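Protein chains in written order, with the numbering used here: chain A, 1 to 307; chain B, 1 to 307; chain C, 1 to 307; chain D, 1 to 307.
Derived from the structure by calculation, the hints contain no laboratory data. Some hints could be false.
Where chains are identical, the list cannot tell them apart; a pair therefore holds if satisfied intra-copy or between any two copies.
Here are the simulated PhoX-like cross-link-like pairs (lysine-lysine), alpha carbons at most 20 Å apart as the crow flies [claimed, not checked]:
hint, residue 1, residue 2
1, LYS150, LYS241
2, LYS295, LYS150
3, LYS238, LYS186
4, LYS238, LYS146
Please read all numbers here as calculations on a predicted model, not as lab measurements.
Protein chains: 4
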Amino acid sequence: MSKHVYHGIVPPVVTPLNADGTVNFDDLTNLVEYLIASGVHGLFALGSTGQVCYLSEEDRVAIVRHIAKVNAGRVPIIAGAMEVSPQTVIRTANKMIEAGADSIVTTAPMYTINDEAEVADHFRIIKAGISVPLFAYDIPVRVHKKLSPKLLVQLGKEGVIAGVKDSSGDDVSFRRLLAYNEAAGKPLVLFTGHEMVVDAMALIGADGAVPGAANYEAAAYVRLWDAAKAGDYATAVKEQKFINDLFEVVFVPAGRSGDATGVGAFKVVMAARGIISSATMTAPLKGLDAETTAKIEKIARDLGVIS
Amino acid sequence: MSKHVYHGIVPPVVTPLNADGTVNFDDLTNLVEYLIASGVHGLFALGSTGQVCYLSEEDRVAIVRHIAKVNAGRVPIIAGAMEVSPQTVIRTANKMIEAGADSIVTTAPMYTINDEAEVADHFRIIKAGISVPLFAYDIPVRVHKKLSPKLLVQLGKEGVIAGVKDSSGDDVSFRRLLAYNEAAGKPLVLFTGHEMVVDAMALIGADGAVPGAANYEAAAYVRLWDAAKAGDYATAVKEQKFINDLFEVVFVPAGRSGDATGVGAFKVVMAARGIISSATMTAPLKGLDAETTAKIEKIARDLGVIS
Amino acid sequence: MSKHVYHGIVPPVVTPLNADGTVNFDDLTNLVEYLIASGVHGLFALGSTGQVCYLSEEDRVAIVRHIAKVNAGRVPIIAGAMEVSPQTVIRTANKMIEAGADSIVTTAPMYTINDEAEVADHFRIIKAGISVPLFAYDIPVRVHKKLSPKLLVQLGKEGVIAGVKDSSGDDVSFRRLLAYNEAAGKPLVLFTGHEMVVDAMALIGADGAVPGAANYEAAAYVRLWDAAKAGDYATAVKEQKFINDLFEVVFVPAGRSGDATGVGAFKVVMAARGIISSATMTAPLKGLDAETTAKIEKIARDLGVIS
Amino acid sequence: MSKHVYHGIVPPVVTPLNADGTVNFDDLTNLVEYLIASGVHGLFALGSTGQVCYLSEEDRVAIVRHIAKVNAGRVPIIAGAMEVSPQTVIRTANKMIEAGADSIVTTAPMYTINDEAEVADHFRIIKAGISVPLFAYDIPVRVHKKLSPKLLVQLGKEGVIAGVKDSSGDDVSFRRLLAYNEAAGKPLVLFTGHEMVVDAMALIGADGAVPGAANYEAAAYVRLWDAAKAGDYATAVKEQKFINDLFEVVFVPAGRSGDATGVGAFKVVMAARGIISSATMTAPLKGLDAETTAKIEKIARDLGVIS
């Protein structure tokens, strides 16, 4: 097991780009410093928000190496190894571990058509090929397989996985996962990926959250989390409402794809706050247009986030 | 452009394995010789039937190299480069081209959430990174995006793609694709991936088929295709009915996953016919059990395919 | 069993409306006369094309009564009884039978979450409540359940259903249905609902088609069918290509719903040909706008269908 | 508007049956008395849990009439009018209103393929045809359309709908609905249909819940709700955990359909507690077998719910 404790606010780190589409490592330094200064409890590199599936393997490893260097051990780093087969997940994971990742996160197989026993073996094969904790990323909207509470707790009891990032949007399933995990002696650390209901998920027992919106407003999430841990749910709800009002930025872009919209809006606010220098997106995604950018900035300005 | 003409029966080559799960290259030699001796018009390496997403990149490249060596230029080889980002598709594709692939086939992005313009650019980026013809593999059941007829013909007119393998199961869309392609001067070679309706698809103008079932019964497909090309649809339908009766083997396995079932049944018949030496599957898939194997062999025996 | 033979071209009859949204029975007379004069082999009243789920039960029964009166026994009438429970299907079905329907067609349950055994019993309960042949309408895009070939042939062997209208878009399933039905001694009459591939479906053994596009171009479908029955597939394909070129009208409306688009385009061509007097749609659907109407009419004019 | 205030725990009332499948009105009396004695704040007749789409219209109206008679005005009654067209929804709704329903609830259209503007008009047409408050039932798993927060709040501002039962399982959407409704001056009463997360939904601002599980354990839900309203979330979570442990009964049935499983398990516990006399299900559903029943009863016994 890692020396680290996984809990609290663990943002999925955005990948900043130069105008020519290459990775902007100076901006990445700024972003990591912003997040850690805001009090986040960990960093999730190369998730969907980090646009993991729009980058070369070399860039992905370089990003992990850079984040690890800037972080310098202050918080634990979970790195996303998303690949098309168990063997390629292991290959990339080991490069990321060599580059400084403290743990690895991966999804159910994304192209294949499997039953639950095969998905369980997929995770077992990957865990056998790496030397650090493995997290399961439950994101059916992308890989079109739901990881059941029973499967996840079974893998936790075996020591195959150390935790889960739940981006399934299935709150009944997450509630059952919390209950089964508790009944099994808490083998798993359970993170919600739903940034708009972190207050509610804290109430029912989540160990933390992986909110993309923390890339531009990390402090409010940390305040939310601290309040919830202290049992002050009125404050947690108040912070969440502020976060959600700001989160309306992702619903501004009309007629664009899901991937262009969410991270695109995040980058606009990040750039407006000076956390990164450009809202450039990875090809084949294109950045948001000037009109959309202005609408997003107006929301942020009206909420006092930018001036 | 390639020197090759793409048309007719182009089986998606099964990946034979040793009992320990490593690739059985002797069996692969046998399989390629069986297919070419049966008269197939091309080979599609590392599609879903070749279990592309259960193998390491090294094995995938070695398989292409071996098929190319055995083939020795007799028929064109299309190799599947399925990866998680445009950059990794290009990297693997170029390794496969160096290993002897005559052309590359890839899918829409499999993890990301994109609109049609982004999917078009995905193919454009990949084409710009390779030097051989590129085919689009339309398989929404795996990548959860449908490639529209307009998109495909547009990419054909631009010279981005040379053809399509349609495994969408959407016959209305395929009919429109045929019509749009004809109206555009036939920039695309259009293959159906639906092995049970090759007679019907030949009637309406398909240029060829990529039938997984040809791995164990290639000759019937070649007879079907030759009959259809000669306008003898009565014979084409007769051959298709024989193929379909035999194809019932894939519906025998009960309670198993889609990937274990289809290729699993193919391998059982291939092993029973002596085309390969073992029905071993790639982990985390497991082979079919003895009872299921016996039922599959009975179907093949009743149809005179094995003795 | 009915005295009728079910086969060939059986259009799903559009419901013509007055400008105020009430049913236009004079237009309905014209439409039925047009279809029968064109040589169709039956009439399918109140399917999706007839906008069955946008009408009161009273109107639906009145439409059946009117069609039956105009038809006067010339061709068989299949009437769609789409309701939310077996009991309400039976109630409406019996009103339609009293009004002159020769047989009834219904779908799998549309709101409930059932397994295959329950769906089978759903059809058995309905059949026990009516005295005429029952057809199964396989349309998963609307009721989100696929009727399997085994289920359908089992119901055929029991005498529960007399036939199937397949609008599943799953050509592999339809091919298996044809094979299983033949092996069982043909208990079922099998219609395809896919208007763009009637030539191909005739080749592989369909007993008929239920093409919505026959509402505005019935004669071409009858010529297609006659050619296919005579084994002249070159002519069948030629007629289908003409039909498909004209069918592009349904792809003209942009940014509108599926239900507004398809029947909306049909009605525009029907009105332009004088088969009905108004392209009015049932609320909450709205008719197509003038620009879209003009584009549709241009396609029809370019193909010589209207002048 | 109704004289009633809609809020709190509003169970979707199970429909008790005699062994022959007819409605057991004596049991229905007992059930209504049990629920009201437990302190519930309203009754939702003929939702999915009431098996609305397995009953004749006559039975559905008779059930509403009986519930209204037993209730005698003590709590408000919302009755489900689920039908295939706006006209038939209105017809059934008016029969239910005449029978004593205080308000009506209905879903988006279930068979048709519509855009959001058409769905909005669907609700507007229905509201224009009835004289009591209308609730929208957002249940995409059954009708395959999601009602967006913007659509619902717009309909609320127009006075078309008075509230929403959210069974979408989409917590991000529900959070946005709460925020938009608050910003609009609370035109809507917002109920969650997710019985396992009522504590969390109360925290974030839900006005009530429609929990199927209240049919067998209403008192715990009332205690949960009262605690949450008093700001005592520790107690609310504790009650929810008890409810959830008991809710494991619905995960016991293996290999059965969704509709047989959930209500089937509810009825087993209700019968074991003496709230109803038989766990008979409506055809084509079948009741749970003896082994499954015993496992369900063991869960209830271990939790002290039955002796």
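Hint numbers the structure violates, sorted upward?
The structure breaks only hint 4.
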